[in-house]
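**Student:** For the record, the sequence lines run as chains A and B.
Residues in the first sequence are numbered from 1 upward in steps of one, following the working numbering.
Residues in the second sequence are numbered from 1001 upward in steps of one, following the working numbering.
Derived from the structure by calculation, the hints contain no laboratory data.
Any given hint could turn out to be false.
Said to hold, decoys possible - In silico DSBU-like cross-links for lysine-lysine, where the CA-CA straight-line distance does not exceed 35 Å:
1) B:K1305 x B:K1116
2) B:K1845 x A:K39
3) B:K1803 x B:K1866
4) A:K39 x B:K1770
5) A:K54 x B:K1803
6) A:K39 x B:K1803
7) B:K1335 x B:K1082
8) B:K1126 x B:K1116
Listed here are the chains, written in short residue letters.
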Amino acid sequence: MISIGFFLKTVVLTLSLLLVTWISLAADESPKKTLFLPKSPLAAAYVLARLSNKELIEAPRSEFVYVALVQRAGLDRKYRLEALDGLAKIRGTDTLSELIVALSDLDQKGEESIPVLRELIVLLVQYPSADLTRKRGNLETLATQSQLPLGRQAGYAALLTSDRAIQSIRQSVELDPAKYADLILSVPLLRDPALRGGFYSILQPLLTKIDEDQLRRAAITAIVAVPGHESEVFTALVTLVKAGIERALTVDAIQRIPRKFWLKEQAESLFAHLMTSLKEMPDDQRTGPEATSQFQLASDLLLLLPQESSKEAAKALRAVGVSVFVLRTVHEQMIYDKTLLVVEAGKPVEIILMNEDTMPHNLVIVPLGSAELIGKAAEKMGTEADAQGRIYVPDSDKIFQATKMIEAGQQGKLSFMAPSEPGEYTYLCTFPGHSIRMQGTLVIVKDVEAYLASRPLIAEPKVTEWTLSDFTGLLDKPSATRNLLGGKENFTKLACIQCHKLGQEGAAYGPELTDVLKRMKMDRASLLTEILEPSKIIGDRYKNYSFELTNGDELAGMIMKEDAESLTVHTGPSDALIQTLKKTQIKKREPQTSSLMPMGLLNFLSKEQVLDLLGYIEAGGKLSDQTHAH
Amino acid sequence: MAILTPKSLHAQHLELKKGDHIAILGSALGDRMQHHGSLEAMLVSKYAQHDLVFRNLAVAADEVSTWHRSESFGSRDEWLAKVKADVIFAFYGFNESFKGDAGLTPFKANLDTFLKDAKKKDYSGKGVPRIVLFSPLANEKLADPNMPDPASNNANLAKYSAAMLDVAKANNVQFVDVFAISSKLEGKKQPLTLNTFMLTEAGDKILAPEIFRALTGETVSLSKLEKLRAAIKDKNTEWHARYRTVDGYNVYGGRSKLAFPVRQEKDAPKITNFDVMQDEMTQRDVKTANRDKRIWAIAKGGDLKVDDSNLPAVRQLESNRPDVKPFLSGEESIKHITVPKGMKLQLFADEKQFPELVSPVQMAFDTKGRLWVAAWPSYPELRPTDKSFDKLLIFEDTNNDGKADKVTTFLDGLNCPTGFQFYKDGVLLMQAPDLWFVRDTDGDGKADWKERVLMGMDSADSHHTANAICYEPGGAIYLSDGVFHRTQVETAAGPVRNTDGCIYRFEPLTSKFERYVAYGFANPHGRVFDYWGNDIITDATGNESFFAPAFSGFLPEPQKHGGMQQFWNRPSRPCPATTFLSTRHFPEEYQNNYLNLNVIGFQGIFRVKVSPNGSGLKGETLDNLLKGDNDKIPNFRPIAADVAPDGSLYIMDWAKPLIGHMQHHIRDPNRDKQHGRIYRMTYEGRPLLKPVKIDGQSIGNLLEALQQPEDNVRTRAKIELSKHDSSKVVAGVKKWVAKLDAKDAAYEHHLTEALWVHQWHNVVDEAFLKRMLRSPEPNARAAATRVLCYWRDRVTDPLALIKVQVQDESPRVRLEAVRACSFFKTAQAAEVALLALEKEANPAKPDYYIKYCLAETMKALDKYTK
């Protein structure tokens, strides 16, 4: 279940980030001019549409600007949240109402708004069910009246989230295949895995329903988003492929099933089937999307084939296809679906990036060892595009290849000649904040088959929504026996270091962590709870406040010091962001219920890694003690 | 007598040494001196034994930190080295002054850099150049009410002159305060300038002695130096043809690198345009130097005959088109030109009867009904050794048999007369880089008076040097300029610069000059206005025709308008000219067809039906008006078509086997220099129109002529009206308007003509304008909105008026209003322009041209809204 707390927190975090942006702007001595904005909605929308994303972000806020911020493609989510909040205040409504208005506006604008629609749907399904229930009427309108399928699906996804009444909603649409298909296709949009899981029994029979093409197609697409039955789904889809039923759709769907659920025993026959299909394909279709997809599935299957046959199979496959790789971004996980691409040296190669996530991503290839440098450089950049129309691509000789920023639901392509010398490259997404997670390795080799044969299967990143109970019994031992080096690595990677001081490192924005466990009387469970649920307990000093100033400015931050006349406020993780406010300047001060610390920080770590991180914190950021302990 | 203020003289007097080369740099003040020669004559005379060499490198609109020239022209340093400058006269500060106070500091810094850099140079091999700085001419207050009030600009010029003095002092160079000198002269004698800032020859004669006195501390009587001055002008003409050569892109720029085989045989060596044309440039250098010798001789009290027998040879080549088909005669050719049933084509004139008629490029009927033709036998341009030149010819059909029987050479000695247009009692004629105003003052039918009224129309490519000169109904003329050009024109409102293609708007009466359509043209040759003043612009190369109101709004340089859709899907290309078939002589279905001429492949005339399309116009191809049989007459190249006073259609034939500029060597020997034809098309069985009397007619009669439906009649009537006193014309208009029949179907058009006559005479009648802005006829409202745009500086609250137009029921009117907003300098104008959206039935899918124009207008106003 997603709590309202999460949502609010995101908003607040957003606000503080936004303020950071404003403050740093003020520092670069170009004071914000007033925005030219006519009063007529049509004219205002026209003027705002002419602004670049950067100009729009910097624009002084007003109702029209908020509308544009909600609906403009390519903006960070924080601006959408800020804008929904702003609209709700101006119009005396609530953010959910504004979100629904925006969804229906975008739906009316047509297909060009699909990427933004996708982003907003993610926000929609995060609302508490009670809120959604109150808006049932609007959501039903959205589900039945939208012109875009995605608009209708959004409506169903929200209705499902509101009351989880899968069966009653299903019954209401069952007799209308078009509506039923919309409902089915809303399943991948659902945030709650359990809710998605509830659809298995509905979707599974549809896969074999021969007289309902529309529903079967919907089911094939939707069922791979249903957790808990992946191997059965894999088997069912393989059967469909072999039977030649909806082959293109099904081949795509299979590739959305996490690799670990693929069944080795079916790999060989599926591979053989795909080979036959590829060979039979007319030459002019060999590079078409269907062939590419089949080729990609077949090459992914290579890793499941018995060692003795995989080399031959790879050779045969390469003989029928061209070097086209499909790289997908994984919905809501901020990762690519593959972390290894193996390319033959000196040969033309094409990498298609399909962005199936709800936020923009790109694909940048840099020499091994340069990812951090490039990732960091990108974060410091503005949103002005370079000569090739790319944003967040630093001007560096380290950039080997880079796509434009690919909006949610869109795809981009890199076509290039692989270097003639074997070597390793890193591919990454340079959208600020993504590069640490979104990385993979591009290996250039002389002999692809030999390389694959000699290389073990690459583990995929795993996402776990940890709860305290997962660690029952594991927190008793002193953490100092853990792999502190690994803990230190994640302390940096997860950006803990950006706000917390630990030993000699880190920033003093959030609570000091050097002796945190001592302060908590060595209660490791409490420490872990604070990380898993940052808003549960917030120390007074770290409580987040929002301030409304007499000049109309708003800002948010933690109060460091307060006396009779003034307040010292820390608005972001840098000493430069400490400012003193006279109390006479402050019109309103409101404490916020949520922490500035993001949730889900540990989702990408294994249980062992979580324990290592705790150990590193317990060791006060020192590695040397541990050396002694061993 | 003028008394010099202390600051007008800085450092010691000028000392010139034997053999000194003096280079002149800077703006129009310096540029025009080469055509007048007064100061040069006085200095040569004072230093008669020194054999001084003057080379003028000044280009109107130059600033100390700009050098707006076509590709590979050569840098300022390179030219100073080429002319071996020992002494530099630098005339800067005028074009800079329009930046006002904000520009002062950068100007001083740039000037300082220029002086300090020069001190490190040795252009002549004899040491560091000596420099004299000259401040700008004070802008003159003229009696002509059409000329701008110079007060505000003079306030700037005073500051810029003072700044020059500071910089001159700091660098210890001589400074001549032309600003102070000319300020004192003002009003004492006849006007110095023709338009507040461009010296006339008479003005130069008054100013130069004062400058000479400031330079040398001496006085010389200029009147004794007339022979010397004439020799200097002759030398400078030769130098000007060299330094400012036409066709620069082919002489030294990108296409000078095009190489062609010397002989038509396998593996023959190649020769570039550059090779040959630089040989010609060397000839011009030698010709210039030959004329220096005569100057020195006259200065010493003697004289000599200029001897050009010492010119070095120019490399030759064979044609790359040896298989040129022979010409059929003009008469015979008619048999191979297909015209629609009922149409008759006859020969009006050809080279057989009139050997002067060679390579005709533009034609126009004058107010007497005579046909003027610019003949361009030298195409692509004159050779230094040519003895016969391009001409402006007048053809007459004195016995009304449809054939010319008389020709007069109005003006000879021309080089590339790419366009002309009648103005008052004379002709505006393009002679790159300048636009001349030429007149016949003694009535002998030949020009005898000339003034350069615009300077700086570039000619990097002679075949798209400013051409297709035409009138708008409101009296401004338009010049079309193509790619590669670096035009820069000095105006009383500041320099106007453009890179590559552009259409310019020029009001000859007020000297206002501005970019009209800045667009990525290749070579826009087609230029025509319709009955209501809508204009169609055609880019020749791709024969792309555009509905011009949508993309003729203001944009700050160097911005250009974005790609716009064509108003008509043309069947082929390229197109040298267009016109509207505005004549009742032809049957109804031909009335006001848009005619689009083509000269390669399809060598004929497309006929296009034009109808309204949203806020614009659209064209649909009809049957051809005319088509040559390429097998029989491959050299038939219909290059222009015009409706004659009797309603017939005249068609000019460029008559060339080779026409491309770049497809053949510039000096390919098979470039024809002997042919040219003019045909006349009539419709059998339909009477010709009775030519309306225009020449010498009273104001009343001329205004009556404005009721004629034929565009050519009304235009020529307005040209004739421009010879009359403006106040009398305007009074006449009031009377004429009062007696017009309001029930006449064309009543609102007549009123629109009345408004255009006001505009033509630069007389603002706000009440009448307001009446026309709310005319019941949408086309009249659109035309009035255009007039409002150009009167915006002289009517009360123009934006409030535009605000009404922008919400007009007619999209055509709204488009004009959106366009007009681009000329304002306020965010409010953007707000007004955006009101057009409110009138769109579906704002998500607005009218194409309004959408396009609004985007361009918003771009123009970015400075005030972003």
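**Student:** Now tell me if each hint is right for this structure.
**Tutor:** Evaluation of the provided hints:
This hinted pair does not check out: B:K1305 and B:K1116 have alpha carbons roughly 42 Å apart, beyond 35 Å. Between B:K1845 and A:K39, the direct Cα distance comes to roughly 21 Å. Compliance with the 35 Å bound is thereby established for this hinted pair. This hinted pair checks out: B:K1803 and B:K1866 have alpha carbons roughly 21 Å apart, not beyond 35 Å. In summary, the hint linking A:K39 to B:K1770 is supported, as the alpha carbons are separated by about 27 Å, within the 35 Å threshold.
At roughly 31 Å between alpha-carbon atoms, A:K54 and B:K1803 fall within 35 Å of each other, so this suggested pair holds. With a CA separation close to 15 Å, the supplied pair A:K39 and B:K1803 stays within the 35 Å bound. About 56 Å separates the Cα atoms of B:K1335 and B:K1082, which puts this hinted pair outside 35 Å; it is violated. Simply put, B:K1126 and B:K1116 have alpha-carbon atoms about 18 Å apart, close enough for the 35 Å limit, and the pair holds.
In terms of the numbered hints stated before, the structure departs from hints 1, 7, listed from lowest to highest.
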